[in-house]
Every structure is written in structure tokens, then in C-alpha cells.
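Chain order of the listed sequences is C and F. Under the numbering used here, think of the first position of the first sequence as 1, with each following residue one higher. Under the numbering used here, think of the first position of the second sequence as 1, with each following residue one higher.
Please keep in mind that the hints were generated in silico from the structure rather than gathered at the bench. Any given hint could turn out to be false.
[What the hints assert, rightly or not] Pulled a few chain F residues facing chain C out of the computed Cβ check, cut under 8 Å:
{"hint": "1", "residue": "Leu41"}
{"hint": "2", "residue": "Pro143"}
{"hint": "3", "residue": "Glu214"}
{"hint": "4", "residue": "Leu216"}
{"hint": "5", "residue": "Asn276"}
{"hint": "6", "residue": "Met302"}
{"hint": "7", "residue": "Leu313"}
{"hint": "8", "residue": "Glu316"}
{"hint": "9", "residue": "Asn317"}
{"hint": "10", "residue": "Phe320"}
{"hint": "11", "residue": "Arg378"}
{"hint": "12", "residue": "Arg387"}
{"hint": "13", "residue": "Glu388"}
{"hint": "14", "residue": "Tyr391"}
[Stated by the list, open to error] Below, a list of computed lysine to any residue pairs in the SDA-like style, where the Cα atoms sit at most 25 Å apart:
{"hint": "15", "chain 1": "C", "residue 1": "Lys146", "chain 2": "F", "residue 2": "Glu388"}
{"hint": "16", "chain 1": "F", "residue 1": "Lys195", "chain 2": "F", "residue 2": "Leu216"}
{"hint": "17", "chain 1": "F", "residue 1": "Lys146", "chain 2": "C", "residue 2": "Leu383"}
{"hint": "18", "chain 1": "F", "residue 1": "Lys195", "chain 2": "F", "residue 2": "Arg252"}
{"hint": "19", "chain 1": "F", "residue 1": "Lys381", "chain 2": "C", "residue 2": "Pro307"}
{"hint": "20", "chain 1": "F", "residue 1": "Lys249", "chain 2": "C", "residue 2": "Leu41"}
{"hint": "21", "chain 1": "C", "residue 1": "Lys249", "chain 2": "C", "residue 2": "Arg260"}
{"hint": "22", "chain 1": "F", "residue 1": "Lys248", "chain 2": "C", "residue 2": "Arg260"}
{"hint": "23", "chain 1": "C", "residue 1": "Lys249", "chain 2": "F", "residue 2": "Arg299"}
{"hint": "24", "chain 1": "F", "residue 1": "Lys146", "chain 2": "C", "residue 2": "Glu388"}
{"hint": "25", "chain 1": "F", "residue 1": "Lys393", "chain 2": "C", "residue 2": "Tyr389"}
{"hint": "26", "chain 1": "F", "residue 1": "Lys381", "chain 2": "C", "residue 2": "Glu221"}
{"hint": "27", "chain 1": "F", "residue 1": "Lys248", "chain 2": "F", "residue 2": "Met109"}
{"hint": "28", "chain 1": "F", "residue 1": "Lys393", "chain 2": "C", "residue 2": "Leu383"}
{"hint": "29", "chain 1": "F", "residue 1": "Lys287", "chain 2": "F", "residue 2": "Gly241"}
{"hint": "30", "chain 1": "C", "residue 1": "Lys393", "chain 2": "F", "residue 2": "Glu388"}
{"hint": "31", "chain 1": "C", "residue 1": "Lys146", "chain 2": "F", "residue 2": "Trp385"}
{"hint": "32", "chain 1": "F", "residue 1": "Lys249", "chain 2": "C", "residue 2": "Tyr389"}
{"hint": "33", "chain 1": "C", "residue 1": "Lys381", "chain 2": "F", "residue 2": "Lys146"}
{"hint": "34", "chain 1": "C", "residue 1": "Lys393", "chain 2": "F", "residue 2": "Trp385"}
{"hint": "35", "chain 1": "F", "residue 1": "Lys393", "chain 2": "C", "residue 2": "Glu403"}
{"hint": "36", "chain 1": "C", "residue 1": "Lys381", "chain 2": "F", "residue 2": "Leu79"}
[Said to hold, decoys possible] Residues from chain C shown here face chain F by an in silico Cβ test under 8 Å; the list is partial:
{"hint": "37", "residue": "Arg167"}
{"hint": "38", "residue": "Glu170"}
{"hint": "39", "residue": "Val297"}
{"hint": "40", "residue": "Asn317"}
All values reported here derive from a predicted model rather than from experimental measurement. Even glycine gets a Cβ: it sits at the ideal position worked out from N, Cα and C.
Next come the chains, spelled out residue by residue.
Number of protein chains: 2
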Amino acid sequence: MSNSWLDRSLIAAIQKMADPVPIRLRLGSEADESPSSPSALPTIRVSDRRALFALLRNPGINFGELYSQGRLEVEGDLLRLLESLYHIRQGIVARTASRCYGWMQINSMQGSRKNIHHHYDISNEFYQMWLDAELVYTCAYFPHEKASLEEAQKAKMDHVCRKVWLRPGETVVEAGCGWGALALHMARHYGVRVKAFNISHEQIAFARERAAREGLNSQVEFIEDDYRNISGNFDAFVSVGMLEHVGKKYYREFGRVIHRAIGDQGRGLLHFIGKNRPQPLSAWIRKRIFPGGYTPVLREAMNVLEPYNYGVLDVENLRFHYAKTCEHWLNRFERCYDRVAAHNGEFFARMWRLYLAGSTAAFRAGSLQLFQVVFAGRACKALPWTREYLYQKTADHSGQDVEWIHAMS
Amino acid sequence: MSNSWLDRSLIAAIQKMADPVPIRLRLGSEADESPSSPSALPTIRVSDRRALFALLRNPGINFGELYSQGRLEVEGDLLRLLESLYHIRQGIVARTASRCYGWMQINSMQGSRKNIHHHYDISNEFYQMWLDAELVYTCAYFPHEKASLEEAQKAKMDHVCRKVWLRPGETVVEAGCGWGALALHMARHYGVRVKAFNISHEQIAFARERAAREGLNSQVEFIEDDYRNISGNFDAFVSVGMLEHVGKKYYREFGRVIHRAIGDQGRGLLHFIGKNRPQPLSAWIRKRIFPGGYTPVLREAMNVLEPYNYGVLDVENLRFHYAKTCEHWLNRFERCYDRVAAHNGEFFARMWRLYLAGSTAAFRAGSLQLFQVVFAGRACKALPWTREYLYQKTADHSGQDVEWIHAMS
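Excised from the complex, chain C in its bound form (with noise of 0.2 Å):
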């Protein structure tokens, strides 16, 4: 039994089970004899048979091991070939059934603080090195397509707060604040008072820092703390990116946390990466990236508010604005490739290279999705009486352009 006969039976096996994906693969410097077409998938190429093994037994996590590890190679386009990947494989999703699988960080508030360090804890300077200036790690709303992402962010932080129509004087209560910037940018544009919870110990000391800088600490208080410790009442609930790392499981628990917040003359947002059909995240993304992650569906989603009777006012899917927020990301990312590999080692570089890639693969092929839903108690007083304001250009934030409806006048 030759060894290129065992390699070549182990390529055709791994190429059977990825099915109907056209994949192109090649073991260590084996020449690629097909000249492929212009159309045809960049070519993957396996360092050594070891890898083909791991490649077999578990593509899911080891994909992104052996890609991280150098053992991997795409040639050619690695964007486009994980977004033909995702096309082809949401085909595949929408045949099978939904499958749960059972391996999943806990998250439980020692565990949340253990997954949230893993992935925010890294070091500001990192993410300082390819986020916008203001470091906001969530999908970034563009006007226009050709905005740029600092535009982007600002904008995606007045979309919020005017989706939630925020009035000078009234109070907030913020779930997951990352370095700040929404909490800030709320005080300092609506006038605003912010209470900002987050369990990042490396983010909200920098929140602070910048706070006191800028002279907002009498109107913005971090709080290093779990979301199941808010207390106190507001006017407004806001949560831009942290329903993925509060599981599924803990939903109603979420909604209760919410209601004690605002109860039922409040109103919020919901701003979270979902899916159109309930699946977990890929296991390497669990194991590498975010564990403890799961991102819902519209309908698991509701579970957050439905107990509590909270009114869905408006959902908006902003599933193309994160891809392009995630290729501003990559792009950024590769201009600082060789500093962050010389920082944080090769295996790093390279697992984050492929993590942000295919987050905007991801969200370009559609298998992941962009949420932001507000909702209202049923004794909130006066609501918009259409969405109209959104999108009325306004040089102040009053919204004394709005229309209002007096539900209980």
C-alpha cells in the first residue's frame, strides 16, 4: 500500500463528506496537475497526512485548528472561498434538520466571566490596532455603502439611540458596554444618564479612563459587574451585542433582568448577531472565539420579552452592514497582520485572520444575521408614530420632528 495511494484516498474522503462543495485540496507541495478555471474554488493545501486525519475526523474544529497552526493553506481568495463554502452550505442547512449539540460553555456568571475574558481580555492595544478610533466591536450601520467605518459606528450609535428615542434628562441602563463608546456617546449627544454594565475587567477600566477624560463620569457609571446584578429603574434598556454570550438558556432570566430595570412604562433594544435557522455556532468559533456563544433565532429570541409582555415595535435586519463592518475589520487587521503575529505569535495572527474572514463570509452568505429590535412595556406612555424620524436628517437629537402618539393619555 504506497503512501500517495493512502493520501489520495484520504483527499478523496474528505472531499466525499464535504459534498456537494467543489473542494480543491492538495498534500504538501504535490503540484495542482488541473488547472483550475477562473470560476473554480481557491485550493486548499494540507501540509502533511496528519492533518488530512484531523481534517476527517472533525472538519469543524480542525479547520480552524490546522488553518491557525499553519498547516493549512488557502491559495487564492480565503474571503471567497469561505463565502462559497457558506452559499453552498446553507443549501445543505435548509435540507437537514436543525441539530443541537451538547458541548457548550455554561453560562452561569462565573462561567459568563470566564467566556468573556477569554475573547475581551486580550488587550486593548490589540483591539486598538483595527477597530474604528472609538472601539466599537459591534456591526456598524452605513448610510451608504461607501461610509466609512468610522461614519459607521457614529451612525449605528445614533440609529440606536434614536430607535429608542432617547429625551435629555431620561435615564439608561446599558447590558454589555464594551470599551464605552455607546454609553458615552449617548450622554454627551441625549443627554442622557448611563449606568453600563459589563464583566470585561480590561474594557471597563478603559471606559472609566476615557469617562474621566472626557469629563462624562458624573453622567456615565461603568459597572464591572454581571447583567443579572442591574439595579435600579430607567427609561431605556439598551444591549448592543451581548445577547450572543447569554445562551439561550438564560433568556427568560435576561427578560426578568430587563423588566426589574424598566417595567412596563420602559422601552428598549435588543441588538444581537442571529440566524435564520437554529443552529450553534461552528465549534471551532466555541471553542476558540467565543465560548459559550449562541446565536438565536427571531422566535427563540422572543423569549427574551414575550414573558414580560413587551410590545416588538420594530426589528431590522443589518445582516450586509456587518459583513461590510467585518471587512473593514479584516482589512485593518491585515494591515497590522505582522505586528500582531511579532506580538501575540503566528497561531494567533492566523486564527484571527480566519475568525474575521469568515465572520464576513459569514454574514455576506447569510448564514449569520443582524438583529436590532426594540420593544416597549405596555404602559409606555408615548411612542413614535412612525419610523419616518429615523431617517429625517436633524443637525441636534431633540426629536422634536417626531410625531407622537399618547397611548395613555
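Start from chain C and add chain F according to the hints.
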């Protein structure tokens, strides 16, 4: 045991049952000793002791029955009473578990035909007395609160057409087309070809005649058939005010019909009355007004779309627009009340007054919601970049000011 003692006990028992709603209940011509304060609820006056028994036994059905029979009168503002009841009742709903009644009319093809016939085949002349000129019997969209009903129904049709970005030459299938206004509007103003389905014989006959009269019958085909028999391939799917009649048992089948019609490339819109918490419609509404009706929460409605991998792009809640629409209908209905009573009898006229007043109150109080859900298949080729185009005033409907995403370029 004096009769007055029995009557007083019955009244007390009903008031206790209604707790915490402070009902003012009087029997026969009994005087109202305690003069009502301006803030008190209107007085409910019941004509006879048997009516008190009936109310005590089954208020959910018998309030409506007795009102229709003229054995229960509301002294003062009926709408205000109902709205107050709904507001207070909502708080109760929020504290109790959802209940599920077994009593439900079946929504099979045959059952649906009977259920729809009950409501929609009353007579076109009846609906012409109090609907808008185009006979649009669904929630209107008021760009401003003071818009007329006619303006608001036109604006709704445009809102729907623009939400699914209809373009000249495309094909549309409509499930549940009423008297045909939307199908004809789409054809005339958006240059599309439409197949419109409805099982109400009266409505289809009217719609066909109108299409012929307006020279649109080469563009619009009205088909008297069940949505389950939709055949053919289309670019877009719309259904305005039909999901309420589908029954949640049939949502998956409804989704299959949609998927068969527009596949993975199409997009569509579902416009339907919903709730914030799962609850059946009132027993009286199901008995007298909408047999087989069910108004889902958003979570339940997702069962139409999720199995087919449809992505939700946009959800808008138009609850207050429906309250305003019903208020217009109620006012118009009151103006023709005597004609209705003369032609259809007092029972029918009072029943309809209560239904229209109750619907207005329910949308105002939030017991009912109105959702417009826009969705697209995973292979939908071009999508609007933002929703801003919906709010731009354009003379034509060409959509040329829309920035597109070419998802699968």
C-alpha cells in the same frame, strides 16, 4: 329571600369576578344612587335577571351576546369603557399563564371556506357603507395621524409595495386579496403582474368586475381558491390580513406554499394582527365575528418562515395605525347605523358596533398588535441597503433612488 337581595348578590358576584376592574353595574331601570365621578367608568345596565345569570356564567361570550340582543347597555362612552377594561385586563394577562381553549373552528380547506364565508360574504353593499372607497378591510398606514382613511389606505398599499420593492415586469402572488384593491394597486402603479387568491365568493366577484372595468384584467388574475392551491412561480409574495385566518396548526404548510411560490430567490410580506403574549381571540369574537381566527405572537408567526430558511428583513408594528383605522370605521359605521339596523336587524348592527369599538379599544390598549414582516429567501439577489428609501417622497415608484445590495454578485 327577596328578589332584590338575589339581584344584588348576582351583581356583587359579577363585580367580584371582574376584579380589579371597577365595574358599575345596574339592573333594569334601577337608579344610579352614587353619582359617578368624572373619572369613573361608564355604567353597564343589564335589563333582566336572566341576563345577570348569563353574564356570570360566561362573560367572555355573553357580554357580546347580551349587548347584541340589547339586554346590556353601556351608558356613556362604549369605546372608553372597553379601552379601560382592556388596559386593566392586560395587566392581569401579564401575571397569569397563557391559556389555550380547545374550542376552535377548524381551518382545513372546507372549514376555511365556511369560516371566511361567515364574515366576508355578508354583502358587498354592507362593507361599502363604511369602508374606504377602495374597500380595503385591513390596517391602514397614516403617514400623519390626521391623514384621511382614503389617504391612509393608499399609503398602506404603497408602504407594502415599497417594502417588497416591486419592480416593473415582476410577478406577484397575493394570498387573501379581499376586494382586490392591493392587487390592482400593484398592477397599476408598480407595473407587476398579479395572481390574487381568495375563497370569499362575493369578494372575488367584485374584484373581477372592478379589474375588467378598470382595464387591468390582463395584468391581474383573481382566483377563487384556497391559498393552499397556489401554483406557479413568482418574484414576490404578499399576504395582508390573512394569516389571522390560517390557524397556527397550518403555519408550516402556509410556509411551504410560500416557498413553492417564490423559492429561495423571492421575497415577501406578511401583514397580520398579532399579540404580545399567546392567547386566543375572545370567545365571542370567534363565535360571532371570526370563526377559526387566531392572532399569533411574533414567535409563533416565525413558524411560517423559519423552516424554509427565510431571513426576516424588517418587522414594523402598526398597532396604533390599526386603532386609528378602526376608529374611522366605527365613526363611519355609526353614521350608517340606522340603515344597517333596518336592513340587517338590530342584533347584527349592535354586534358590529361592539366588534368595531372593541377592536379600536384592543389596539389602543395593546391587547392586539399589527405586524408587517418582510422576508427574503437565502438566494434573493438584490436587497435595499437601508430602509431610508421607504421614507423618501418620490413622484414615481420606480425605486431608482434605492441603493441596492447585490448579494450574490
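Going through the hints against the structure:
no.	hint	verdict
1	Leu41	16 Å, violated
2	Pro143	7 Å, holds
3	Glu214	30 Å, violated
4	Leu216	30 Å, violated
5	Asn276	5 Å, holds
6	Met302	4 Å, holds
7	Leu313	5 Å, holds
8	Glu316	6 Å, holds
9	Asn317	5 Å, holds
10	Phe320	5 Å, holds
11	Arg378	5 Å, holds
12	Arg387	7 Å, holds
13	Glu388	5 Å, holds
14	Tyr391	4 Å, holds
15	Lys146(C) to Glu388(F)	16 Å, holds
16	Lys195(F) to Leu216(F)	12 Å, holds
17	Lys146(F) to Leu383(C)	16 Å, holds
18	Lys195(F) to Arg252(F)	22 Å, holds
19	Lys381(F) to Pro307(C)	37 Å, violated
20	Lys249(F) to Leu41(C)	43 Å, violated
21	Lys249(C) to Arg260(C)	19 Å, holds
22	Lys248(F) to Arg260(C)	32 Å, violated
23	Lys249(C) to Arg299(F)	16 Å, holds
24	Lys146(F) to Glu388(C)	16 Å, holds
25	Lys393(F) to Tyr389(C)	14 Å, holds
26	Lys381(F) to Glu221(C)	45 Å, violated
27	Lys248(F) to Met109(F)	14 Å, holds
28	Lys393(F) to Leu383(C)	23 Å, holds
29	Lys287(F) to Gly241(F)	19 Å, holds
30	Lys393(C) to Glu388(F)	11 Å, holds
31	Lys146(C) to Trp385(F)	11 Å, holds
32	Lys249(F) to Tyr389(C)	38 Å, violated
33	Lys381(C) to Lys146(F)	20 Å, holds
34	Lys393(C) to Trp385(F)	18 Å, holds
35	Lys393(F) to Glu403(C)	18 Å, holds
36	Lys381(C) to Leu79(F)	19 Å, holds
37	Arg167	19 Å, violated
38	Glu170	22 Å, violated
39	Val297	6 Å, holds
40	Asn317	5 Å, holds
Hints 1, 3, 4, 19, 20, 22, 26, 32, 37 and 38 from the list above are not met by this structure, while the remaining hints are.
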